[in-house]
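Colleague: Sequence:
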Amino acid sequence: MVPIDELKPLGRETRRHPKNQIVRIAAIIGECGFVAPVVVDHKRRVVAGRAVIEAAKQLGLGEVPVVTVRDLPYAKLRALRLALNRLTEDASWDAEALRAEFAELLTIDPQIDLQLTGFSTGELDVAMSVSEDLEDKVPPPEAGASVTRLGDLWILGDNRLLCADARQAESYGRLMEGAQARMIFADPPYNVPIAGHASGLGKTKHANFAMAAGEMSDAEFEAFLTELCMRVCEHAIDGSLHYVCMDWRGVSQLLNATRPIYDEQLNLCVWNKPRPGMGSFYRSKHELVFVFKKGRAPHLNNVQLGRNGRNRCNVWDYQNSWAHSPKSKLALHPTVKPVALIVDAIRDCTNEHDIVLDPCGGAGTTLIAAERTRRRARLIEIDPIYVDVTIRRWQHLTGKLAVHAESGEPFGQTRAAKLERAND
159 MVPIDELKPL GRETRRHPKN QIVRIAAIIG ECGFVAPVVV DHKRRVVAGR
209 AVIEAAKQLG LGEVPVVTVR DLPYAKLRAL RLALNRLTED ASWDAEALRA
259 EFAELLTIDP QIDLQLTGFS TGELDVAMSV SEDLEDKVPP PEAGASVTRL
309 GDLWILGDNR LLCADARQAE SYGRLMEGAQ ARMIFADPPY NVPIAGHASG
359 LGKTKHANFA MAAGEMSDAE FEAFLTELCM RVCEHAIDGS LHYVCMDWRG
409 VSQLLNATRP IYDEQLNLCV WNKPRPGMGS FYRSKHELVF VFKKGRAPHL
459 NNVQLGRNGR NRCNVWDYQN SWAHSPKSKL ALHPTVKPVA LIVDAIRDCT
509 NEHDIVLDPC GGAGTTLIAA ERTRRRARLI EIDPIYVDVT IRRWQHLTGK
559 LAVHAESGEP FGQTRAAKLE RAND
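If you want the working numbering, it's the position in the sequence shown, counting the first as 1, plus 158.
Hints are computed from structural coordinates only; laboratory data are not their basis. These numbers were taken from a predicted model, which means no experiment stands behind them. From the three backbone atoms N, C-alpha and C, an ideal C-beta is built for every residue, glycine too. Accuracy of the hints is not assured; some may be wrong.
[What the hints assert, rightly or not] Straight-line distance between alpha carbons at most 25 Å, and here's what the computed SDA-like set of lysine to any residue pairs gives:
id, residue 1, residue 2
1, K451, L413
2, K201, T172
3, K201, V160
4, K451, E328
5, K431, D502
6, K201, P167
7, K177, P195
8, K451, N414
9, K177, L458
10, K451, I419
11, K451, N509
12, K234, P167
13, K558, A258
14, K177, N243
15, K177, G276
16, K177, R465
17, K431, F448
18, K558, R332
19, K166, I187
[What the hints assert, rightly or not] Here are the computed distance ranges between Cβ atoms for each label pair:
id, residue 1, residue 2, range
20, H175, G557, 40 to 46 Å
21, P568, Y440, 47 to 53 Å
22, A237, R202, 15 to 21 Å
23, V409, A258, 44 to 50 Å
Kindly produce the complete structure, drawing on both the sequences and the hints.
Modeller: Given below as structure tokens:
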């Protein structure tokens, strides 16, 4: 080990090291120690490793390991210094092999922080989404009474799902346990009846939502949205982004509700569907996704104008989630969003293991999207039937069992016990 103060430059600094690179190198040193020594000459002039030195300084370290190159003339030392930086630029990544390597790392250690590989969150999301089919294969609905009861809290791996009213403060205390979300994705009911708006003349029929299904006045609906957005803000970090879905009928109520709550409206995104939905005069072919920001801290931006390989705009073209399976997802929920839509939104503004909070969980698409992207979902859904649907979707996707937070009983055993009691 050599004191950093004794190291000297060799020629000009021809490479610029951005701050985020130094931060990532520091993280690797902190986790793994020094595995690549600084290269110096016999006068302790730095041939290679300037970024490592800067990272060590950031960590408050006073020494770094070195390997000494001897018996090279001064001109060749400077040429070697340039070559060690330049030659790595000629290599390229094998996308499929890289994706397989990441997948194998996660198999070995599901909790590993993949940013230890030196890849940023945005780069990881791109690398791991090659040829990815995001839509989950949905099991058929099961008949009978729901397993879940109002107040039940379920643990689904790293995710948590609560059957409760999202307007009540105590719901979030149980769900979040003091943690805060980096992102909100909320798809509240639009205060329209299901019949004639989300359910037509086909065989699949749905009952109205538990609330905001057309029974509220404009003022009541605005109050409903205000309460919902205020609650999620209480459990989100400064700089978090809040995505709130709405159709054209509820725009004024949503904007009135959110104006005093959020510090900024960042954008208005449009889900452009391949086909129009229900209606007569100007059938609606889109839904709106408002993007709000809480606080003044910078929000996380993984898109960076396409720098990481993902080019995003505010018009989102996605198939309806039931486009190729009309008897699956549409049978689960009348307004289910495509998994890919939420996956992309999650990737835009969160890191791995960040919390994504959804106060209107529905059929659990946000939870499925979080599972796909190694984020942690926190969902509230007031309807026990849809809580069951979410659990079954997650179990079918992962092969794991959801567990009741209080009793410790797996979901399948809970259901079997209830059916057995019902048959006695």
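Colleague: For each hint, tell me whether it holds in the structure or not.
Modeller: Hint-by-hint comparison with the structure:
| no. | hint | in the structure |
| --- | --- | --- |
| 1 | K451 - L413 | holds (13 Å) |
| 2 | K201 - T172 | holds (20 Å) |
| 3 | K201 - V160 | holds (12 Å) |
| 4 | K451 - E328 | holds (24 Å) |
| 5 | K431 - D502 | holds (16 Å) |
| 6 | K201 - P167 | holds (10 Å) |
| 7 | K177 - P195 | holds (20 Å) |
| 8 | K451 - N414 | holds (15 Å) |
| 9 | K177 - L458 | holds (15 Å) |
| 10 | K451 - I419 | holds (10 Å) |
| 11 | K451 - N509 | holds (17 Å) |
| 12 | K234 - P167 | holds (15 Å) |
| 13 | K558 - A258 | holds (22 Å) |
| 14 | K177 - N243 | holds (18 Å) |
| 15 | K177 - G276 | holds (13 Å) |
| 16 | K177 - R465 | holds (16 Å) |
| 17 | K431 - F448 | holds (17 Å) |
| 18 | K558 - R332 | holds (23 Å) |
| 19 | K166 - I187 | holds (21 Å) |
| 20 | H175 - G557: 40 to 46 Å | holds (43 Å) |
| 21 | P568 - Y440: 47 to 53 Å | holds (48 Å) |
| 22 | A237 - R202: 15 to 21 Å | holds (19 Å) |
| 23 | V409 - A258: 44 to 50 Å | holds (45 Å) |
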